[in-house]
Every structure is written in structure tokens, then in C-alpha cells.
Amino acid sequence: GAGVSQSPRYKVAKRGQDVALRCDPISGHVSLFWYQQALGQGPEFLTYFQNEAQLDKSGLPSDRFFAERPEGSVSTLKIQRTQQEDSAVYLCASSLGLAGYNEQFFGPGTRLTVL
Amino acid sequence: AQKVTQAQTEISVVEKEDVTLDCVYETRDTTYYLFWYKQPPSGELVFLIRRNSFDEQNEISGRYSWNFQKSTSSFNFTITASQVVDSAVYFCALSEARHTGGFKTIFGAGTRLFVKA
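One line per chain: the protein sequences are U and Y, in this order. So the first sequence is numbered by this note's numbering: it starts at 1 and just counts up by one. So the second sequence is numbered by this note's numbering: it starts at 1 and just counts up by one.
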């Protein structure tokens with residue numbers, strides 16, 4: 001398909017486990033975003049990539065969260081030593097250009113449950 | 001600091017009623033962009049409309065219309081003759097350039113719209 005894809009769609013982790021969430025953006029999209037969406041809330045910004053450069057990681061909640069996009073396409077969000085408060089839907093979005101006016105295309109999200 | 005407020009948590013209407021979803025934003029920038037996204041029960045957010053801070057012209061697209069007023073920092077969204085398929089969560093968002101490069105988007109908490117047949 002031509003949309004943003006994310007895997008896995010659902011992930012259950014035991015507290016303390018490390019998890020890795022994958023995002024495949026739309027081909028050719030320069031900008032890539034990660035968001036965290038808690039139940040009943042709007043997406044909360046985590047981090048932003050422009051090609052392979054991580055220009056903004058101000059939204060990452062702690063140093064347990066790490067994101068990369070080494071070749072400027074696929075991105076991985078890693079959470080180390082997961083905690084219950086990390087339970088949420090993690091959304092990935094991509095946009096064609098570099099400017100704020102470009103709309104973002106969202107993936108279906110990964111629902112993470114930490115037991 | 002950026003902030004987007006959607007004061008209506010849930011709205012319930014009967015099919016064919018008109019409904020307006022409110023959005024109020026805060027920013028210190030003079031250049032910014034406002035968006036509305038729809039999140040249907042399937043979960044994926046879908047872009048509806050964009051407005052830049054210099055364009056206060058209202059827009060109509062079919063049953064959807066948007067009213068942008070800088071004087072009140074509002075960007076409200078109206079659905080005319082609502083349909084059951086309009087049932088979803090609607091998010092208002094604000095995008096601003098960052099000094100680090102690129103831009104950051106802040107979303108409101110969303111308004112859940114129920115349209116009953």
C-alpha cells in the first residue's frame with residue numbers, strides 16, 4: 001500500500017522489557033514524526049526527523065525512549081525498561097516537505113500495553 | 001508556548017443536525033498553521049483542512065466549513081446536515097517552526113462526535 005505502515009499493531013510487554021516499534025513512512029516523505037496517544041487524549045509530540053537527522057526530540061518523556069531513522073526512510077522507536085505509564089498508542093506520521101503547512105499522513109499506530 | 005484547547009469533550013447530535021466543533025489556540029508566533037484531523041473508529045487520523053496564519057478566508061468543502069478568526073484565536077469547524085459516518089474524534093492542531101529546524105505540531109485533546117440515526 002501507499003500509506004504509512006507501523007508494526008507491530010499490538011505489543012504486550014512485561015514491565016522492564018525493551019520494545020522496538022517500527023514505522024514505514026510514505027516513500028519520498030522527508031519529514032517523520034512520532035507521537036504518543038493516551039486513551040481519550042490527542043497525540044502528544046515525541047520526536048521529529050528531517051530525512052535521517054533528528055531535529056527535535058524535546059517530547060521524549062525520558063532517556064528510556066530512543067528513536068532513529070538511519071537511512072532517512074524507516075524509523076524505529078525504542079523504549080527501554082518499559083514502565084506501566086508507557087502504555088499508550090504510538091503513532092507515526094510522515095509528510096512530504098519540510099514546512100509546517102504540509103499535512104501529515106498517519107499510520108494505524110502501535111498499541112503498547114505494559115503489564 | 002503553544003496550546004490548543006478543544007473545550008467540547010463529546011457532542012451528540014441526531015442525523016441531519018448541524019454541529020460546530022470549537023478550537024481555540026495560543027501562540028506567540030506570527031506565522032503558524034492550523035489543521036483539523038478526523039480519527040474514525042478504525043483509528044487512523046485523516047487530514048481535513050489546513051489554514052495559515054495570514055489567510056483568514058473561511059472555507060467550505062461540501063458539508064464541511066471552517067471559520068478562522070485571529071482576533072479570537074479560534075478555528076472552528078462546522079458540519080452541516082451531519083451523517084452517521086461523521087461519527088469520529090476530531091482534532092484541531094497547531095504547527096509552528098522550531099529554532100532547531102523543522103516544525104512541531106501540537107494537537108488538542110479532541111472532540112468525540114456521535115451522530116445518531
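Please keep in mind that the hints were generated in silico from the structure rather than gathered at the bench. Here the structure is a predicted model, which is why all the values come from computation and not from measurement. C-beta: ideal position from N, C-alpha, C; glycine also. Some hints here could point you the wrong way.
A few chain U residues that face chain Y, going by a derived Cβ cut-off under 8 Å, partial list only [said to hold, decoys possible]:
1. 27
2. 31
3. 42
4. 55
5. 65
6. 66
7. 98
8. 108
9. 109
Result set (PhoX-like, lysine-lysine): computed pairs, CA atoms no more than 20 Å apart in a straight line [stated by the list, open to error]:
10. U:78 x U:14
11. U:57 x U:78
12. Y:70 x Y:3
13. U:57 x Y:16
14. Y:116 x Y:16
15. Y:70 x U:57
Evaluated hints:
{"no.": "1", "hint": "27", "result": "violated, 18 Å"}
{"no.": "2", "hint": "31", "result": "holds, 7 Å"}
{"no.": "3", "hint": "42", "result": "holds, 4 Å"}
{"no.": "4", "hint": "55", "result": "holds, 4 Å"}
{"no.": "5", "hint": "65", "result": "violated, 17 Å"}
{"no.": "6", "hint": "66", "result": "violated, 18 Å"}
{"no.": "7", "hint": "98", "result": "holds, 6 Å"}
{"no.": "8", "hint": "108", "result": "holds, 5 Å"}
{"no.": "9", "hint": "109", "result": "holds, 6 Å"}
{"no.": "10", "hint": "U:78 x U:14", "result": "holds, 15 Å"}
{"no.": "11", "hint": "U:57 x U:78", "result": "holds, 13 Å"}
{"no.": "12", "hint": "Y:70 x Y:3", "result": "holds, 15 Å"}
{"no.": "13", "hint": "U:57 x Y:16", "result": "violated, 44 Å"}
{"no.": "14", "hint": "Y:116 x Y:16", "result": "holds, 9 Å"}
{"no.": "15", "hint": "Y:70 x U:57", "result": "violated, 30 Å"}
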